[in-house]
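Trainee: Take these sequences, add in the hints, and give me the full structure.
Going line by line, the protein sequences match chains A and B.
Just so we're aligned, residue 1 is where the first sequence starts under our numbering, counting upward by one.
Just so we're aligned, residue 183 is where the second sequence starts under our numbering, counting upward by one.
Keep in mind the hints are simulated off the structure, nothing from the lab.
Bear in mind that the values here come from a model prediction, so they are computed numbers and not experimental data.
Watch out, some of these pointers could steer you wrong.
[As the list claims (entries may be wrong)] Simulated DEER-style distance windows between Cβ atoms:
1) Ile-81/A to Gly-209/B: 18 to 24 Å
2) Leu-144/A to Leu-203/B: 54 to 60 Å
3) Phe-422/B to Gly-28/A: 47 to 53 Å
4) Phe-367/B to Val-111/A: 51 to 57 Å
5) Ala-162/A to Glu-300/B: 36 to 42 Å
6) Phe-367/B to Ile-81/A: 19 to 25 Å
7) Thr-247/B to Ile-81/A: 27 to 33 Å
8) Ile-145/A to Phe-367/B: 44 to 50 Å
[Stated by the list, open to error] In silico negatives: residues of chain B with every beta carbon more than 10 Å from chain A:
9) Ser-187
10) Ile-346
11) Ala-604
12) Ile-628
[Said to hold, decoys possible] Here are a few chain B residues that face chain A, going by a calculated C-beta distance under 10 Å:
13) Ile-357
14) Met-361
15) Ala-379
16) Ser-462
Beta carbons are placed, not taken as given, at the ideal position from N, Cα and C, and that holds for glycine.
Residues per chain are reported as follows:
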Amino acid sequence: MSLPETMPYTGWRWDDLVFLALAGVMLGSALLVVLSRNIIRSGLFMVLSFLGLAGIYALAGSPIVAAAQVLVYIGAISVLILFAVMLTQSKAGPAALVFQRQAWIAAIASVVLLGLIGASILLTDFPAAEALPTVHETREVAFLIFDANVFAFEVVSLLLLAAVVGGIFIARRDESADEEGA
Amino acid sequence: MTSLSNPWNRLTLAGKVIVPLVIALIGVTIALAAVWLSGFGPWLIQWLLDTLGANIGIVRFLIATTVILLITVPIAFLNIFFEMKIIAFVNLRVGPNRTGPWGTLASVVHGLKVLAKEDFTPTGADVPVFTLAPAVIFLAAVMTLLVVPFAPGLFAFDMEIGLIYFFAVGGLSVIGLMMAGWASFNKYSLLGGLRAAAGMISYELPLILSVVGIVLLTGSLNLTTIVEDQSGSFLDWNIFRQPLGAMIFFIAATAEGSRTPFDLTEADSEIVAGFATEYSGMRFGFLFFAEYVNVFILSAMTTVLFLGGWNAPLDIDPLLNFFGIATPVTVVLDPGSLGFGLLGVIAIVPPVITLILAVAIRMLIPTWGFLRSLVVAFVLLNMLVVGLLLGWLAINLDWVLGLLWFLIKAIGLSAFFVLLRATLPRVRVDELMGFAWKWLTPAALINIFVTAAALIVVKSMEGGL
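Mentor: In structure tokens:
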């Protein structure tokens, strides 16, 4: 006796159930990022939200994008944000007031954004996926990045390099000021 | 209710565990007997097997994850034992020698001790984050074990992107470290957590870059393919094709596991025990559990990537052929052919062999009493049987020998990590970051460049250019 192909009574595929669970985790934790009064918890909920998105990528048959999502968005970006918050925040300071200053502007911006995203979703005609990718998806992604679109890839990497150099220049200790201080 | 709750309250803690277990056992026995007597037995077993067979994917997933979760316990115990015994050996001490033979059970006792200690949450701590942090750290370590290929055909998941998965999930432990450091509400914990996170982020870069050379050579991110690519003699192992990469990977792995000389997350004079300062009881135990599992995982990864994984260092088949033994060796045993005689063999042979061994020992060492020689003979018999069983398994199942080689290499490397800890002094904290960014990362980049250039040269020469 095997599990039925679709869920009883509703007729959904089992993948749909997993998708709903992951989407629920993602959206719920994304909401908590905004609503949470504690900035570190906001950051941790953001990690959870990214994990949900990675799960959706894996469910959609693209494990390499899911792994890149975990590696870059959680392993690097979220950690960096948490790191910066922990270095600058102190528990003695007002942890909750920080969020409320630009409520009106934020409300307008989010309504506009909602309208834009909603319109683009409604106007786009989503074609059904033909088939799940084969196991050699990694190889195809590599060819797409390093062969077909290598020029765009190089331009992006140059931009990132410029950003890194600029970041180091800003972060560099001003040596002349140090000497004056000493 | 009172008639039931009074005897229940009088039970000791152990009794509260054992009495429900006994009741459950009796219930299960009665249910099984009822099923058997009613004649539904064969039908039930058939139905169970059919159901499991039809959902083989789910069953395999559950078994694989459970086994991976469970094998971390012996791994951690072995590493704790190494930690105590090898460092004692280096220090010219005896080390643990009271619990179990050669003190082997000392780590089990440590585990029980940690379980029995008070689990304390400091005032002002962020309770959910504080509670979850050890679990995040431990899970990040265990989940990386899912893709490690232990032997041919013996793995939890054979992912096409196994290598990226390993780095992605392994990097999640940084989140756990920062959670532990921040939620403890203690400046030493916070500093320790930040220091650990900074160290891990810095050393993740050379760790990932150092294996790009292997990916270039193998042309795959699949760990099984990487191991199969190193088959042959030990000269085919990646450590000889990528010596610089192996060195960088090993150093960065030492730092990733927060092992000496890079274990700056714990510094008694500066930040006490780092992010673990406020932890006690089993949560503290979990932090260290994760560390010891991590040591094994990094050893296993080094083995898979650079030391040929499950491949034997030398192929002994030609040597066996030279002596006239046909390979692969097969031993045909069919115990079922004995029928009911098999039961007799199982019942009679072990006592007879034990008695013969006991008599032999008595004759060889006349000073021993008969009981003593009997006990020794029984232990000898068990060792003999286990040895024969292992030999038979190694000949008949190809993954047993592979697993043996893999474990020898990985556990040897774990012991080497402990030996490093006993030998080397700590790095200074300001030198820690500089070493990663100024030396290891450029060296890893040079390694990638040289490997890619060599590949192009070799390919163009083969192509006849």
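Trainee: Would you settle whether the hint for Met-361/B is holds or violated, based on the nearest Cβ-Cβ distance to chain A being less than 10 Å?
Mentor: Check passed: Cβ of Met-361/B comes within 7 Å of chain A, closer than 10 Å.
Trainee: Given a cut of 10 Å on the nearest C-beta pair, is the interface hint for Ser-462/B held or broken against chain A?
Mentor: violated (22 Å)
Trainee: Against chain A, does Ile-346/B hold up as non-interface, every C-beta pair farther apart than 10 Å?
Mentor: At about 4 Å from chain A, Ile-346/B fails to clear the 10 Å cut-off, so the statement is violated.
Trainee: Given the hint of 47 to 53 Å, check if Phe-422/B and Gly-28/A actually sit that far apart at their C-beta atoms.
Mentor: holds (51 Å)
Trainee: Note whether the CB distance of Phe-367/B and Ile-81/A lies within 19 to 25 Å or breaks it.
Mentor: holds (21 Å)
Trainee: Does the Cβ-Cβ separation between Ile-145/A and Phe-367/B fall within 44 to 50 Å?
Mentor: With Cβ atoms ~45 Å apart, the hint holds.
Trainee: Does the Cβ distance between Ile-81/A and Gly-209/B fall inside 18 to 24 Å?
Mentor: Hint violated: Cβ distance 53 Å, outside 18 to 24 Å.
Trainee: Falls inside 36 to 42 Å, the C-beta gap from Ala-162/A to Glu-300/B?
Mentor: With a Cβ separation near 55 Å, Ala-162/A and Glu-300/B fall outside 36 to 42 Å, so the hint is violated.
Trainee: Is the nearest Cβ of chain A still more than 10 Å from the Cβ of Ile-628/B?
Mentor: holds (18 Å)
Trainee: At a threshold of 10 Å, is the proposed contact between Ala-379/B and chain A supported by beta-carbon distances?
Mentor: Holds - the Cβ of Ala-379/B comes within 10 Å of chain A, reaching about 6 Å at its closest.
Trainee: Using Cβ atoms and 10 Å as the threshold, tell me whether Ser-187/B really stays out of contact range of chain A.
Mentor: Ser-187/B is indeed farther than 10 Å from all Cβ atoms of chain A, at 40 Å.
Trainee: For Ala-604/B, is the shortest beta carbon distance to chain A beyond 10 Å?
Mentor: For Ala-604/B, whose nearest Cβ neighbour in chain A is about 32 Å away, the distance exceeds 10 Å, so it holds.
Hint check: violations occur at hints 1, 4, 5, 10, 16; the rest are consistent with the structure.
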